[in-house]
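Asker: Those protein sequences? They're chains A and B, same order as listed.
Per the numbering used here, the first sequence starts with residue 331, numbered consecutively.
Per the numbering used here, the second sequence starts with residue 203, numbered consecutively.
Think of the hints as simulated: they come from the structure by calculation, not from any bench.
Coverage of chain B stretches by chain A, computed from C-beta distances (three or more under 8 angstroms per stretch; other residues unrestricted): (1) 204-216; (2) 307-317; (3) 321-327.
Positions of the beta carbon are idealized from the N, C-alpha and C atoms, including for glycine.
Residues per chain are reported as follows:
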Amino acid sequence: MFKDEPIIETIDLSHRYNTHNALDNLNLTIYSGEIFGFLGHNGAGKTTTVNILTTLLKQTSGTAKIAGLDTVKESIEVRRHIGYLPENVTFYNNLTAFENLAYFAKLSGVKNVEAKVIEVLTYLNFSEVKDKKLGGFSKGMRQRIGIAQAIIHEPEILFLDEPTSGLDPLGIKNLREIIIRLNHEKQITIFMNTHLLSEVAKTCTTIGVLNHGRLIYKDSLKNTLKRFPTEVSLEEIYVQMETNGNN
Amino acid sequence: MFEQLSTVAINEIRVLVREKTFLLLLLIFFLLTLFSAYIGWSTKTTILAVYRQSVITLKQAGTANIPSNPFTGIAHLSIFRNMIIYIFLVGSLMAIVVGHRAFIRERKSGVTQLIFSKPLSRSSFILGKILGITIVLLMLIIATFLVSIISSALIPNQQLTMLEAAKLFSFYIVSFLYMFIFSMLGLIFSIILPTESLTLLVPMIFWVAVTFIIPELTTGQNPVALLNPTNIIQTTSQGPFFNFMHTVLSPFSVEQHYTTISQPLLETQKQFRSLGILEIIKQNGGSFLSLMLYFFISVFLTFYSFGRYKVTNDKIYE
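Model the full assembly from the supplied sequences, consistent with the hints where possible.
Answerer: Written as structure tokens, this is what we have:
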């Protein structure tokens with residue numbers, strides 16, 4: 331179903347904020363069709379990585395490629411291949427869901443905007459909010475509109491930064507289902523920063539662990555669980571990796 | 203590129219016209235336009251009534267040489283002279299708010315992260331914003347012009363000739379230039395300053411400086427005198443300090459450049475009545491060119507500021 335080719339690639343990717351080394355020679359390859367869970371403690375460099383991959387931030391050194399395109403030299407072209415849902419997604423509160431989505435669709439170069447917005451909202455089972463202003467939306471509803479704006483131009487890769495943050499259990503379950511559907515039905519590669527190990531276990535096909543800007547582990551979820559047979563949960567595996575990484 | 207540019211511009215207009223602050227300012231501005239015409243007409247009528255009453259009193263007292271009516275030469279357009287003050291006091295303030303809101307709402311909410319994850323260049327975005335602001339200000343100016351025309355048609359004996367209507371329109375175009383400069387000021391500071399309160403406070407300080415402090419320093423007049431639309435003196439003879447300040451600061455007095463062109467366009471004094479539009483521009487070429495120069499400088503600075511803006515370093519959003 332998916333091509334076995336790297337769709338995200340970083341080579342010696344580093345980034346510094348003044349004196350702080352946020353990313354330290356990150357070498358990461360993600361293949362088309364994966365659901366990649368990017369784990370790490372607060373300040374490990376996960377959001378910095380996503381910011382660089384989504385072209386919002388220029389790295390200090392190294393290279394990042396999306397679908398073979400350089401994120402710095404070909405940033406506009408890269409953005410045609412990606413969708414992005416930031417941690418705290420916000421919109422124009424005095425515009426309706428339709429108006430917000432139409433705006434982002436036009437910016438993404440979507441042709442038949444009206445039909446596309448309706449199609450995406452229907453796909454996400456959310457068409458009833460089309461004419462409602464976003465000002466009164468809950469976090470979960472905003473998150474779903476956030477997904478809609480991220481996939482409206484049919485990207486190949488979807489970046490999600492802590493997508494379950496602030497959601498109630500039902501919201502988390504709904505979001506998980508959406509992510510899996512997008513991956514299975516629309517063949518979108520998912521790159522997900524998260525803290526929730528339970529979500530990684532239920533959603534991701536591959537995991538990577540970042541520790542103080544360094545990638546200390548990357549493998550498929552299947553292999554990971556095989557490799558650590560004595561640990562009862564993914565949480566224990568993660569704690570062991572973090573401990574080893576710090577040592 | 204043009205499609206994205208127009209998308210940003212249309213979105214800017216759509217969001218702005220739904221904001222209560224902007225709508226309130228708009229209402230105030232339209233009311234001031236109506237009041238301007240009414241106050242101008244009322245003043246003219248009162249003065250003429252006083253003159254007529256004086257003539258009766260003088261005749262009853264047996265005065266043989268009754269002076270001719272000094273106000274018969276008052277131009278129709280001069281009833282709008284208060285608009286000069288309203289533009290440089292309220293119009294410029296409103297323009298700052300329009301420019302400020304254009305970007306601060308995106309920064310504050312964090313929508314910039316979504317916008318710049320789309321295949322949109324920075325120049326298209328900022329050009330779209332400037333286009334949106336320009337359209338909003340032009341719509342405002344044209345609406346104000348129409349309110350002025352309607353109010354002059356409703357006032358007895360106050361109908362404008364074609365030339366007078368053209369002069370009034372030219373005045374509003376010059377007012378647009380003036381307001382545009384302030385809108386860019388609002389936009390620039392909303393891009394470069396780190397906190398929301400500062401992004402509004404700093405352009406306000408500029409507004410106070412341009413509206414009151416610089417004209418006061420360059421003319422030596424007190425602030426109340428500066429609010430007289432018919433009598434803003436361009437040169438000063440108030441001592442060496444003010445003469446020096448006039449020489450040094452006059453080129454930077456945007457407000458003075460604006461009033462210098464606006465007064466003849468609104469025929470605030472008798473000698474302006476005979477002048478055509480081109481003649482007025484020719485006679486006040488320095489002020490007209492200065493306004494144009496500030497217009498382009500403000501656009502350039504907006505581009506420059508936006509080029510240095512970092513989306514991910516922005517901590518202003520909630």
